[in-house]
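Trainee: Each chain, letter by letter, is given below.
Number of protein chains: 2
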Amino acid sequence: MSQIELGYTADYHVHLRQGEMMELVTPTVREGGVSIAYIMPNLTPPLTDIERAVQYKNDLQKLAPKTTFLLTFYLSKLLTPEIVAKAADEGVIRGIKCYPAGVTTNSQAGVDPNDFTAFYPIFKVMQEKGLVLNLHGEKPSVHNESGDAGEDIHVLNAEPKFLPALFKLHKDFPELKIVLEHCTSKAAIDAIYEINKDLKEGEEPKVVASITAHHLYLTIDDWAGNPVNFCKPVAKLPEDRRSLLNAAVSGKPFFFFGSDSAPHDLSKKSTHIGVCAGVYTQQYAIAYVAEIFDKIGKIEMLKDFVSTFGNAFYNMDESKLVCKDKCVLVKQDVEIPEIMTFDASNLKIAPFRPVEKLSWSTKWV
Amino acid sequence: MSQIELGYTADYHVHLRQGEMMELVTPTVREGGVSIAYIMPNLTPPLTDIERAVQYKNDLQKLAPKTTFLLTFYLSKLLTPEIVAKAADEGVIRGIKCYPAGVTTNSQAGVDPNDFTAFYPIFKVMQEKGLVLNLHGEKPSVHNESGDAGEDIHVLNAEPKFLPALFKLHKDFPELKIVLEHCTSKAAIDAIYEINKDLKEGEEPKVVASITAHHLYLTIDDWAGNPVNFCKPVAKLPEDRRSLLNAAVSGKPFFFFGSDSAPHDLSKKSTHIGVCAGVYTQQYAIAYVAEIFDKIGKIEMLKDFVSTFGNAFYNMDESKLVCKDKCVLVKQDVEIPEIMTFDASNLKIAPFRPVEKLSWSTKWV
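Residue numbers (full-length UniProt numbering), protein chains in the order written: chain A, 1 to 365; chain B, 1 to 365.
Heads up, some of the hints might be wrong.
In this list, chains with the same sequence are indistinguishable; a pair is considered to hold if it fits within one copy or across any two.
DSBU-like, lysine-lysine: derived pairs with alpha carbons at most 30 Å apart [to be verified]:
| id | residue 1 | residue 2 |
| --- | --- | --- |
| 1 | 168 | 197 |
| 2 | 161 | 357 |
| 3 | 348 | 268 |
| 4 | 57 | 268 |
| 5 | 171 | 57 |
| 6 | 161 | 186 |
| 7 | 268 | 357 |
| 8 | 252 | 168 |
| 9 | 348 | 124 |
| 10 | 252 | 124 |
| 11 | 206 | 186 |
| 12 | 171 | 186 |
| 13 | 326 | 298 |
Think of the hints as simulated: they come from the structure by calculation, not from any bench.
So that you can see chain A by itself, here it is in the shape it has in the complex:
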């Protein structure tokens, strides 16, 4: 196969930032082969009101007229059930992103994942309105000095330790659509299988996981000493990576693509202290996934993963698109630059897999 029609490709986890970075990065959604982009709300300040969300969407749309943008609110105490209901009714947002406080870029305003009950009135409205709850599934790190009491939580077990909270949320809101975002561990994949074990053919899953492109490639050894590959949740062990890759090509509708592409200026990645978490994949988003699916002989599963399953979960159909171009995967080499630079900006971005070659590209028809 030298060409594969992928339909309305969707990236259900995208960071487009603000200001100059937003201007540079927003057009790369389409360049990376993505038609529908689900936008994260961890702006400064976090996106928690209708007016700013409308404005933000307009800003993005101007920068990329052919990309369909779906927006999210940032779960915080600033949200009320009334605001959420109104935003849903007006079609301003498609979901709400939940960040545990302090685990990643601009997550200071996040919530305590040990107790979600304060947000139950909001989850109730979300369930009624069909909004999606997008979970950053990590517990914040806890380091017990003595080890005598309590449990250690660190970057490797932060996701597995979060999973009981996922099960509880699903139990308390069985009709609420939940995405465990950018999952990184075999434990998380197993949990999603467990929750969906009685799902019947054709039935829609309520609890799913998104998987990034970079976590299909990376393990701990890749970010040890290479901040370009450092992200949250961190890439984990080889067995975790294999589990993610198997899930991505499984043909199960509860695993689909969300790149978590997270641009930072190079100065925030090339530093000996306080490297910003995030891997930038937007420019070649679909090609990265195609490359590794192809490598294990599963390229025929690509369309489900980057198009069909995510769109089904989010009830996306043609009528909601700003542009009906379809993405086509083409067998054509592309070399990833060492650093992405831009005319008329001093910002630089270190892309994922610099100076590597990808053997697939995308075009629009």
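Use these hints to put chain B onto chain A, whose structure you have.
Mentor: This is chain B only, laid out in the frame that chain A set:
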């Protein structure tokens, strides 16, 4: 206690490099409160002959006339039993460092830890001459794409996976003095306890472990996103750190100090790709250890750890010292700079725990 006499303090794992870096760093051994420095041979090219070792020691001695330097060879195929015997007889070297190929800075010339038998003639001579074998105890990473065959080896299990090789070496050379250098895992600590379980009071251990200052502080969360804390072996989980700290203050003669202080120019640490492994602690070596011993109420165990036990293992006595000054720990605050700069050099070094305050200093009497 506001002052503690520590005797002839020793750092049994020191990197002093070459050229300009060597000139800058060598004097900091004494500034950091260390009298005896055991010098690593991972130079370019690796230190494998008598003439260069003598020259290197002379160079160091000129830079730091009051520091006692003990040198090591780099275990490689360039060494012969004859060279090793001669170097031992002439007192040129005190031990030989074994690096698995490819695991850390300048380790390309290292050995295959899956099979040491090619070096058994050298180990036999070392055993006879009382030379110490210093092991970098990690297996090189192996990433099985499919996971169907073989075992995964990554930065987290590389040390535990090495331990069977340690047991075998000890079994095959029961009188050979072996140090498992800069150990980082509970598994390694447990292995050293196991090997020494029948050691009687006053009896000298044959197999010991050195422990760095920084591994008493760090876990994986500290180097995730902070290349200043990235080293090999990497700092591991909270339970591992607790195990190391308990070993360091245990009063067992088979655990003693080796800083593995590893200076790199800041440009090699502040980069988004290919960060050099190594934490620089030399300037405050004893103070870092004192700080954390004190924090857990074990300052009285410091002298054993940084002086008595290492010197006993290496048979160091007063007659072998170039200077008989003793180190005294003084209760006096010192603030660690953000970056260490030097007159007459463009090199910069990022120290461990930048801008933190230590509450102990050292002086010489």
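Trainee: Are the hints correct? Go through all of them and say.
Mentor: Here's how the hints hold up against the structure:
no.: 1; hint: 168 <-> 197; verdict: within (16 Å within a copy, 47 Å between copies)
no.: 2; hint: 161 <-> 357; verdict: neither (37 Å within a copy, 34 Å between copies)
no.: 3; hint: 348 <-> 268; verdict: both (10 Å within a copy, 19 Å between copies)
no.: 4; hint: 57 <-> 268; verdict: within (26 Å within a copy, 41 Å between copies)
no.: 5; hint: 171 <-> 57; verdict: neither (33 Å within a copy, 69 Å between copies)
no.: 6; hint: 161 <-> 186; verdict: both (13 Å within a copy, 22 Å between copies)
no.: 7; hint: 268 <-> 357; verdict: both (25 Å within a copy, 26 Å between copies)
no.: 8; hint: 252 <-> 168; verdict: within (23 Å within a copy, 47 Å between copies)
no.: 9; hint: 348 <-> 124; verdict: neither (42 Å within a copy, 56 Å between copies)
no.: 10; hint: 252 <-> 124; verdict: within (27 Å within a copy, 59 Å between copies)
no.: 11; hint: 206 <-> 186; verdict: within (20 Å within a copy, 41 Å between copies)
no.: 12; hint: 171 <-> 186; verdict: within (22 Å within a copy, 38 Å between copies)
no.: 13; hint: 326 <-> 298; verdict: within (21 Å within a copy, 67 Å between copies)
Of the numbered hints given earlier, the model fails hints 2, 5, 9; all others are met.
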